[in-house]
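**Student:** Sequence:
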Amino acid sequence: MFCPKCGSNVPDSTKFCPTCGALLADEAQQAPATEPQPEPQYQPQQPVYQAAPADNNPAALKVSQFFWLDFLTGIPLVGFILTLVWGFGGDVNENKRNYCRAKLVWLLIGIAVTVIFTIIAVAGGGLAALIYEQY
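Position one of the sequence shown corresponds to residue 555 (the numbering used here), numbered consecutively onward.
These aren't lab readings, by the way, just hints derived from the structure by calculation. Treat each hint with caution, since some may be false.
[Said to hold, decoys possible] DSS-like mimics (lysine-lysine), calculated; alpha carbons at most 30 Å apart, straight line: (1) 569 x 559; (2) 616 x 657; (3) 616 x 569.
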């Protein structure tokens, strides 16, 4: 047995610690009896119910709406402005917004291809003029 005060090793039959003089008999008698722990009871878990997800699909555009959308965005200056407003506006049908954004992407691709072919044509025309001057 060990002394609870100083920690020295003490024979079991002694009542006082020879090192510090602490009373050992009361410590042994006062050791609390451990109460048996009740076995844990199985608690069935309640099922978690989730609400059905909200149907947040945008309303589909009709064929006539696509026709007028394509017609209006095809007008040179007005169409470009409408495409920007509908493509980046706040309260616009999602289908219309995505259509206008796709139309802007195609417009940028068309501008890039036009610039590339113009550069090639100008360079080719200048080269042709140099060749023609030699003859």
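**Student:** Determine for every hint whether it applies to the structure shown.
**Tutor:** Hints, one by one, checked against the model:
no. : hint      : verdict
1   : 569 x 559 : holds (13 Å)
2   : 616 x 657 : holds (18 Å)
3   : 616 x 569 : violated (99 Å)
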